[in-house]
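J.: Sequence:
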Amino acid sequence: MGEWILHIKGFGKVMEAAVQPAPLTLLIGDNNSGKSYIMTLLYGIMSADFWKDDFVFREDSDVFQKCAGIVKSLIGQLKGHSVVEYMIQKDQLQLYQQLLNELLILNKAKFLKKLFNRELDIEEFRIEFQETAEFHFAISLEEHPGGARFLFVRKHGFNWGTVCEERIPDMQIIWLLARMLQGMLQSSGTARPVYFPTARTGFLLTYKDLTRNALKERFSLETTEKNLLTKPNTDFLMALSSLDISHQNERNQILTEFIEKNILSGHIQAAGYPMLEIEYQPDGAAGLLPMYISSAVVTETVPLLLFLKYGNMCTFLVEEPEISLHPKLQWEMARLLIRMVNANLPVIATTHSDIILQHMNNMIKAGKLSHKERFFQQTGYEKEDLLSKEQIAVYQFEEGKDGKTRLTRLLCGDDGFEAMTFYQTLKKINEQIDFIEEEREPNRVL
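For the sequence shown, the residue numbers in my numbering are 24 to 469.
It should be emphasised that the hints constitute simulated quantities derived from the structure, not laboratory data.
Just so it is clear, the structure is predicted and the values come from calculations on it, not from any experiment.
By construction, the Cβ of each residue, glycine as well, lies at the ideal position given by its N, Cα and C atoms.
Do not take every clue at face value.
Restricting the straight-line Cα-Cα distance to at most 25 angstroms, the calculated cross-link-like pairs of lysine-lysine (DSS-like) are [to be verified]:
1) 351 x 284
2) 412 x 427
3) 113 x 36
4) 351 x 450
5) 133 x 36
6) 89 x 131
7) 131 x 427
8) 412 x 351
9) 351 x 406
10) 75 x 137
11) 424 x 406
12) 32 x 137
13) 131 x 75
14) 113 x 95
15) 36 x 427
16) 133 x 32
17) 424 x 451
18) 32 x 406
19) 351 x 451
20) 395 x 424
21) 75 x 36
22) 89 x 113
23) 32 x 424
24) 284 x 406
25) 95 x 36
26) 424 x 36
27) 406 x 395
28) 412 x 391
What follows is a set of in silico ranges between Cβ atoms, one per label pair, in the way DEER data are often shown [said to hold, decoys possible]:
29) 397 x 96: 58 to 68 angstroms
30) 265 x 367: 45 to 55 angstroms
31) 394 x 173: 55 to 65 angstroms
32) 32 x 154: 17 to 27 angstroms
Working from the sequences, and respecting the hints, build out all of it.
T.: Here's what the structure looks like:
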């Protein structure tokens, strides 16, 4: 996270924005200010597949020819089963950045239509790589039984392969460029990002019917002609429908136990394939409750638990994680988000909760204490609850008099982040309390 910045101009209500994802990224601001639009764009970048989605390059452009020349040279170095280790040099990074933005501009309409399921336009949409970003790829040519030869490119969790056809070497170059650009934007190839929409309760209660109807009507949820959902919502439904409960993600066990103990006050049981039957057992109760008669706290939080327990996700994008939560549980949700980040699970969230932000501020300050052990003993917190200011980025959406939204990245001071969008509302409420109390004075002068 943090290796690139997304620059936007003229998109919906958003006049201008520059967002650099951090391990924990919070988007705050008024309703209908563009937070979901921006988070959807971030999800689109993190989940894009330039090759599968038939993105086309400007093959006659100067930057394409230069990048293609580099890749052609790499392919030429392959012999038999040899592997070429390729680290993108700093003087080449700008070339790839130009090529990527050229690709995004040329395929902008296709990208936005698939992402939002409607025709949209954006004035400017580009990626800027950080000068400190490092991208390393392993490229190999391998011969499989039967004589088939495959070209592979690997980066961390990525492992892409394609049949090597000597007759169409230009296609290999385009394929390799598309995969490398994708690898520069995304943090893992085996895991994928997941987007939790505000309608997650509704989706949890109806996803089986929605999926069955898709099969009955013989169309894929990915096909937009009969689909009235955006890609993040469609992907959420498809991922929920394909969770494999026969395999639990053991590395997230502490997180799922935290959810059940501190937020749900009960346990979740899932059974069945391919459609899960999910039931909730409150602490101290003998019976199991189906989701449709469970509280909103349960139905809002269960999707997050299920993906942590049974999924293989790299980044969690969550709209309003505080939905239906009492202030005390919003506090526990803030603890969970920090613990996810400290478990190397990046989180991007929109929120209207000043409690969540204030807890982040408290944990940043606690992280700088000299005597942390005493703090842990007095509060019950653990080292997994602490946060550093380097781990978090907070963006405030502010609507101007012209009705357009600007984004500001808030600075982290000694006391954390000061969010005026929350402060101004709370200040008005306090002023009203003071006025009412003055009016209630029995000896006031009329």
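J.: List in ascending order the numbers of the hints, as given earlier, that are violated by the structure.
T.: 2, 3, 11, 18, 20, 21, 25 and 30
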